[in-house]
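J.: Take a look at the letters that make up each chain.
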Amino acid sequence: MGRFKVNQDLVAGLMFIAFGVFGLVLGKAYPMGTSLRMGPGYLPTVLCWILIALGIIVGGKGAVLGGLSIDRFYFRPLLLVCAGLMTFALLIEGVGLPAAVIATVIVGALGGQEFRLLEVIILAVALAIAAVAIFVYGLSLPMPLYPR
Amino acid sequence: MDLLGNLALGFSVAFDPYNLMFCFFGVLLGTLIGVLPGIGPVPTLAMLLPITFYLPPIPALIMLSGIYYGAQYGGSTSAILINLPGESAAVVTCLDGHQMARKGRAGAALAVAAVGSFFAGTVATLLMAIASPPLSQLALQFGAAEYFSLMVLGLIGAVVLAQGSLVKAVAMIILGLFFGLVGTDLNSGQQRFTFGLPELSDGIGFVTLAMGLFGVAEIVTNLEKREGRSIGAIIGSLMPNREEIRRAIPAVFRGTAIGSVLGILPGGGALLSAFAAYTFEKKMSKTPERFGKGAVEGVAAPEAANNAGAQTSFIPMLTLGIPSNPVMALMIGAMTIQGIAPGPRVMTQQPDLFWGIIASMWIGNAMLVIINLPLIGIWVRLLKVPYRLLYPMILVLCGIGVYSLNSSAFEVGLTVMFGVLGYIFIKLGCEPAPMLLGFILGPLMEENLRRALVLSRGDPLVFFQRPISLTLLCISALLLLIVVLPNFRKTREEAFKEV
Chain V
0 MGRFKVNQDL VAGLMFIAFG VFGLVLGKAY PMGTSLRMGP GYLPTVLCWI LIALGIIVGG
60 KGAVLGGLSI DRFYFRPLLL VCAGLMTFAL LIEGVGLPAA VIATVIVGAL GGQEFRLLEV
120 IILAVALAIA AVAIFVYGLS LPMPLYPR
Chain R
0 MDLLGNLALG FSVAFDPYNL MFCFFGVLLG TLIGVLPGIG PVPTLAMLLP ITFYLPPIPA
60 LIMLSGIYYG AQYGGSTSAI LINLPGESAA VVTCLDGHQM ARKGRAGAAL AVAAVGSFFA
120 GTVATLLMAI ASPPLSQLAL QFGAAEYFSL MVLGLIGAVV LAQGSLVKAV AMIILGLFFG
180 LVGTDLNSGQ QRFTFGLPEL SDGIGFVTLA MGLFGVAEIV TNLEKREGRS IGAIIGSLMP
240 NREEIRRAIP AVFRGTAIGS VLGILPGGGA LLSAFAAYTF EKKMSKTPER FGKGAVEGVA
300 APEAANNAGA QTSFIPMLTL GIPSNPVMAL MIGAMTIQGI APGPRVMTQQ PDLFWGIIAS
360 MWIGNAMLVI INLPLIGIWV RLLKVPYRLL YPMILVLCGI GVYSLNSSAF EVGLTVMFGV
420 LGYIFIKLGC EPAPMLLGFI LGPLMEENLR RALVLSRGDP LVFFQRPISL TLLCISALLL
480 LIVVLPNFRK TREEAFKEV
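Line order of the protein sequences matches chains V and R. Per numbering that gives the first Met the number 0, residue 0 is the first one in the first sequence, and the count goes up by one each step. Per numbering that gives the first Met the number 0, residue 0 is the first one in the second sequence, and the count goes up by one each step.
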């Protein structure tokens, strides 16, 4: 027996099992019905059990046979790219499109490996102008322009 | 004669100046994102989908199709010049294409890729025109049971032909089906997995899901790598020499054939076609040792194949309403946004749309040769745009795209969540593509399953009693069986391990 190591398959299996269990718990209340008149709970329950079974296969294989090790997580780009998009979600309705675009670009750009302030500001402003021109004036998408 | 009449109708639609303009716009954008590494057709289509809502259906779909096959042309440019696949299907082109460039034959490689793609595109367009009518005739006889079985086949095919672990791919499909259930149950009005959030009662939007899994997660993955791009190669003469032409022509034929067939299969499309064509070319070559060192066949065959495959993968989507890959899943979404129910009726009820799209592909291919060859200099310059300027742009487009769907900031937040999930999937070696297919097909499958069972009074044997349904299920079972065979597994691994 070699040393036990966490690997992709093991964690993926656990993830599938977690989704399955989560679905079963949440879906407990939905009526099952019969196969003639399937209730809204029928298919979710079946799917969750399949998911759990597959999770056991994948995870079991990972635990017994081992598998590829998990690559490093890069939290900085992950957090900042997500934060950038979140910024957009939070700001778009309150402050309008141009300001939201500028904020998104700046936050998102922090996630890159190089951050050049002047370059980012120029990019942000240019994108804000382009976004307003293309989407609001060009395609007339309904989007707020100014802070409310 | 019918074929000519149909094509004439198609060309009259496609040559309409307005449609022509959107076709051009689509292939131009396709080339652009194809050339630029780090953004592929899936997030691009997802970003543009909401905008197409504001266009009439025909130009919208013509433009979106153009992006997919246009990306196949553009992808080869960066593969050859900087050894980076601009588009995932161009991975194999890097192997020999970049070696040709290092020997000063970049121009020839680009020309072979573009002309080979054009030939493949022409054949694929014809094939679509010929194969579609009988297929949709057949599909018109489909009932709920047949549709359910067809979707089972589609999903299994997607697993068999996907990269990586089979069990994981199946689990990803199930996960996709599961996410597809979120929202209000159509039959009972029951809210499922909505956590009481009214925003979720209509279900999760597939743009939201696709953008998170393919857009956000990919940006993060791209940011992991240090950027180091150099365009060392000089393009040189675009004209291949006699020896190259002699070798390239049969390779283009073979690549076209392989791509056309593999594109139609569920799970098929550009990527698989390119891999298979390269492997095949190397296997049957008398001088396999030349591959990887700048063999022109290694550029010609996969480039022809990926374009043929990209186009023929429209066949099941247009005739059956079944997506065979994530791009087609998004095309189905685009049709739904336009109020068109995808399926065999599209051809009979909207012949102008159907034949217009097909004809536009040939026109688009012709435009692409011009966009890619004489204008190659522009694309080379574009390659110098660093990713740090590119990805904030993608991020903003993601935000605007998702938000404009329903004017819902909540959905942008949901995209972020799927982005994180997508990143975890990548780290765990789980392919997101089968999940998207499961997600799209999930609600359709449930509906057809229920309907079939209601019609048969709850007898599950109905799927085995109807001949077409039985055949489809048998093919599915056979596929699964083949997959379990060790021999096939080896071949499958080899086909994808070439790189």
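For the record, the hints were derived by calculation from the structure and aren't laboratory data. It cannot be assumed that every hint is accurate.
Said to hold, decoys possible - Below, in silico cross-link-like pairs of lysine to any residue (SDA-like), each with a Cα-Cα straight-line distance of 20 Å or less:
hint: 1; chain 1: R; residue 1: K224; chain 2: V; residue 2: A125
hint: 2; chain 1: R; residue 1: K383; chain 2: V; residue 2: A125
hint: 3; chain 1: R; residue 1: K224; chain 2: R; residue 2: N82
hint: 4; chain 1: R; residue 1: K102; chain 2: R; residue 2: M238
hint: 5; chain 1: R; residue 1: K224; chain 2: V; residue 2: R115
hint: 6; chain 1: V; residue 1: K60; chain 2: R; residue 2: K224
hint: 7; chain 1: R; residue 1: K224; chain 2: R; residue 2: L388
Unchecked claim - Some chain R residues close to chain V (C-beta under 10 Å, calculated; not the full set):
hint: 8; residue: L139
hint: 9; residue: A170
hint: 10; residue: G188
hint: 11; residue: V401
hint: 12; residue: V411
hint: 13; residue: V453
What the hints assert, rightly or not - Some chain R residues well away from chain V (every beta-carbon gap over 12 Å; in silico):
hint: 14; residue: Q190
hint: 15; residue: R241
hint: 16; residue: K282
All C-beta atoms, glycine included, are put in the ideal place defined by N, C-alpha and C.
J.: Confirm or reject each hint.
T.: Results of checking the hints against the structure:
Taking the CA atoms of K224/R and A125/V, the gap is about 26 Å. The hint is violated against a cut of 20 Å. The suggested pairing of K383/R with A125/V holds, with an alpha-carbon distance near 19 Å, which does not exceed 20 Å. In summary, the hint linking K224/R to N82/R is supported, as the alpha carbons are separated by about 15 Å, within the 20 Å threshold. Between K102/R and M238/R, the direct Cα distance comes to roughly 15 Å. Compliance with the 20 Å bound is thereby established for this hinted pair.
For the hint linking K224/R to R115/V, the alpha-carbon distance of about 18 Å falls within 20 Å, and the restraint holds. Straight-line distance between C-alpha atoms of K60/V and K224/R comes to about 30 Å, which puts the hinted pair past the 20 Å bound. Under the criterion of a C-alpha separation no larger than 20 Å, the hint pairing K224/R with L388/R is consistent with the structure, at around 15 Å. With 10 Å as the threshold, the beta carbon of L139/R stays out of range of chain V, its nearest partner Cβ sitting at about 27 Å, so the hint is violated.
Taken as an interface hint, A170/R checks out: its beta carbon lies about 4 Å from the nearest beta carbon of chain V, inside 10 Å. Hint on G188/R holds. Least Cβ distance to chain V is approximately 8 Å, under the 10 Å limit. Annotation: interface hint on V401/R holds; nearest CB of chain V at approximately 9 Å, less than 10 Å. The interface hint given for V411/R holds, since its Cβ lies 4 Å from the closest Cβ of chain V, which is under the 10 Å cut-off.
A hinted interface residue such as V453/R counts as satisfied when its beta carbon comes closer than 10 Å to some beta carbon of chain V; here the least separation is about 7 Å, so the hint holds. Taking the minimum C-beta to C-beta distance to chain V, about 9 Å, the non-interface status of Q190/R is violated against the 12 Å cut. At the 12 Å boundary, the C-beta of R241/R stays outside the reach of chain V, the nearest C-beta of that chain being 46 Å off. In this structure K282/R is separated from chain V by more than 12 Å, as the shortest Cβ-Cβ distance comes to about 27 Å.
Checked against the numbered hints listed earlier, the structure breaks hints 1, 6, 8 and 14; every other hint is satisfied.
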